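Protein chains in written order, with this note's numbering: chain F, 37 to 480; chain C, 37 to 480.
Everything labelled a hint here was simulated from the structure, so no lab data went into it.
Source: prediction; values computed, not measured.
There may be inaccurate statements among the hints.
It does not matter which identical chain is used: a pair holds within one copy or between any two.
Unchecked claim - Restricting the straight-line Cα-Cα distance to at most 30 Å, the calculated cross-link-like pairs of lysine-lysine (DSSO-like) are:
#1 K86 <-> K254
#2 K444 <-> K314
#3 K314 <-> K254
#4 K384 <-> K314
#5 K254 <-> K51
#6 K247 <-> K194
#7 K194 <-> K138
#8 K194 <-> K254
#9 K175 <-> K194
#10 K247 <-> K384
Number of protein chains: 2
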Amino acid sequence: MFEHIRELIEGKRIKELREFAGEINATDLADVMDALAPEGRVVLFRALSKDLAADVFSYLEPDTKEELVALLSDPELGGIVDELFLDDAADLVEELPANVVKRILRNASDETRRGINQLLQYHEDSAGSLMTTEYIDLKADMTVEDAFRYIREVGMDKETIYTCYVVDARQVLIGVVTVRTLLLSQYADRIGDIMSGTNLICVSTSDDREKVAELFQKYDFIALPVVDSERHLVGIVTVDDAMEVLEEESTEDFHKMAAMVPFDEPYLSTGVLELARKRILWLMVLMVSATLSGEIITHYQAIFAAVPALIAAIPMLMDTGGNAGSQSSTLVIRGMAVGELSLGDAFKVLFKELRVSLLVGGALAFFNAAYKYALSGNASLSLTVGASLFATVIFAQTVGGMLPLLAKALKFDPALMAAPIVTTIVDAGSLTVYFLIARTIMRV
Amino acid sequence: MFEHIRELIEGKRIKELREFAGEINATDLADVMDALAPEGRVVLFRALSKDLAADVFSYLEPDTKEELVALLSDPELGGIVDELFLDDAADLVEELPANVVKRILRNASDETRRGINQLLQYHEDSAGSLMTTEYIDLKADMTVEDAFRYIREVGMDKETIYTCYVVDARQVLIGVVTVRTLLLSQYADRIGDIMSGTNLICVSTSDDREKVAELFQKYDFIALPVVDSERHLVGIVTVDDAMEVLEEESTEDFHKMAAMVPFDEPYLSTGVLELARKRILWLMVLMVSATLSGEIITHYQAIFAAVPALIAAIPMLMDTGGNAGSQSSTLVIRGMAVGELSLGDAFKVLFKELRVSLLVGGALAFFNAAYKYALSGNASLSLTVGASLFATVIFAQTVGGMLPLLAKALKFDPALMAAPIVTTIVDAGSLTVYFLIARTIMRV
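In isolation and in its complexed conformation, chain F is listed as follows (with noise of 0.2 Å):
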């Protein structure tokens, strides 16, 4: 596809092109855009139909945007800003260097412009600046007949005509209607009697986008109305948008939880020095709190100095009972993430996470305790590494599931008690245990 297209640019067979890529979806061409030359592009773009070069145009890597838009002439800019979803236009002013944005918002109608400004009010977090103004909504009093004709009419710029939203005359939200319902209905059926008007589900413009996502996921929606604090309609949010906050925030949990300070740029465009600035600082945390172990051990330096042997099985220690309590602090972040715990199942947990560990922490020290009584005959060094594994596993696995709740009842974030936090933690525990018991079973 990609060869053909550049043939015919090359070929200025542009009457070709046209046809050819007409064919193509949006998000195909945009990849094909993006991996021509800057000449090529502009070929290409002005053989699109307007509508599905604004489309085309809304998937492109900010590079390209930004190469494209010098290369365009100002009513060019102007047409396709005006034919982007105004949300799509609001992301572009918020990822385009400001003299680009001056030149599309001064290339822009009045009204685009206006719904771009509105729209980027809203926090980037919030339901609002997800949403999109271009929606239908249709009055109460209309027929189906009525409903479809106008659908017809102002359906082509709207991001979804699927489900539809009923307002009173100040725009308050009445209802919804289905096109699916519509088309199921009699002609002249009046909206307000086929609509859902009683327990309708909708967002608040300051809610988090979080919240949007996990709506969509419990009700299987396509579209979510979002109203201001007065239930007046403002905007709607579409599925592919939740889609988008869903694998965003599963990102970022995963950058919090490796102890990095989130970003949402894909890595290769995230440059060295960002990169490192977002990794130092809890790197720099975790390694002071990390001398805390050191200085147990050397607390305890006689003992090991008595018994060499001892020293052995403390990377086994430090490793075991970190991996242990990093699968229980993920469970939990997990479950909370998805919404399948919360704090009140926090005695639910610990008692788990303690018969689990159990379990868990039984097996590894018999086995360990063994294998060590095999190799070396010592049985009170075996029983000493027995002992500590299963207080360790124990320890790492009810601290693990408990201090991401802990860090949700007072308001933190859970997924920052995940693997290196809980691993220092658990370190620090597990060491002096381990001493401790050394000292008591073996006397030294």
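Following the hints, complete the assembly by docking chain C onto the known chain F.
For chain C alone, coordinates are given in the frame of chain F:
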């Protein structure tokens, strides 16, 4: 809402109950049902219209489903199952005990039973197992008016009507047309003329469900056609199922990256034995691997017997190495999962991680050495710790970045090469480097 429904049930006010419940979303009604006592559930369930009842049923918790099925009569049960979307009915068969399934299948119509059996043939991670066979299929020689008539006739039972599929006489997929296009066309237009017939995006029944989710994200579809090896249309996947896949795949990655065998069930409904089983395998493997680090410490015993102060830095080196390495592996694993990184980027990743680790390692090492020197006044000790930390971070971040790519190249799951394994490998490397540097700088 819950209280009001309970009052209506207890007062046997069935007519009011029917009206009140009819206005509530099926998902919310399912939550109410889950919370009710079994007898109350039956009363509420019988008060619902048949298709709302089927909808509610598909959202119930597995335990509630089982209890409810036990209380329903055979004809009632048959009615519900026939009313369910086939993919939900097939899921039912997979999640309920065999004797319940038997009763369900016995009471379903022949057509439903055939449909369920067909869906059950597909592997649980395949597009086939996600799809439903209830879609709208049009013919190319229909007019728009014919299409609307057909949709009105059969649309009620189809999972989505908004994307319609055009097939030829042998059921081969030849085009796609959305209801939006239908609404914006003339009644007399031929479907064959207005459908998109080239570059159709579809999946095969055996394609992995991850691929399905990716296509939904890339193309912002609300449904995707599924074809067999001869391009016959056999079903569709809808966007709500794709969203679920996306979430399940992320959960699976979280589990794997925390050294667990992944599982689907919510945390609270997974048994203690099952949870222990999912966790113990990797802990065991990692525990045994960690003895290597113990061997290394034992091997270099003479060094820290001579300079006991060296021991205090071991936990800090191990923890920082593990954390730094898991940052890199997390970025690469997630980058591959969301399609931003591929095997071809290996050199870019290596080069980037190298530069980032020089910055991060340099800063941490400088800070640590300066701090140690300020506290101890021991220059050679501070230099040893600083140099080892520098080497550890560089080693950790390049290994952490490369291991997931290596796993991918060897057709393993990159998510396995996460914090736990990276930590174990980096520990061994960093301890070895530490003792070698100590020997060189401190001449012990």
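Hint check results:
no., hint, verdict
1, K86 <-> K254, "between (37 Å within a copy, 21 Å between copies)"
2, K444 <-> K314, "both (23 Å within a copy, 26 Å between copies)"
3, K314 <-> K254, "between (33 Å within a copy, 28 Å between copies)"
4, K384 <-> K314, "between (35 Å within a copy, 19 Å between copies)"
5, K254 <-> K51, "between (47 Å within a copy, 28 Å between copies)"
6, K247 <-> K194, "both (24 Å within a copy, 29 Å between copies)"
7, K194 <-> K138, "within (26 Å within a copy, 48 Å between copies)"
8, K194 <-> K254, "both (25 Å within a copy, 20 Å between copies)"
9, K175 <-> K194, "both (17 Å within a copy, 27 Å between copies)"
10, K247 <-> K384, "within (25 Å within a copy, 36 Å between copies)"
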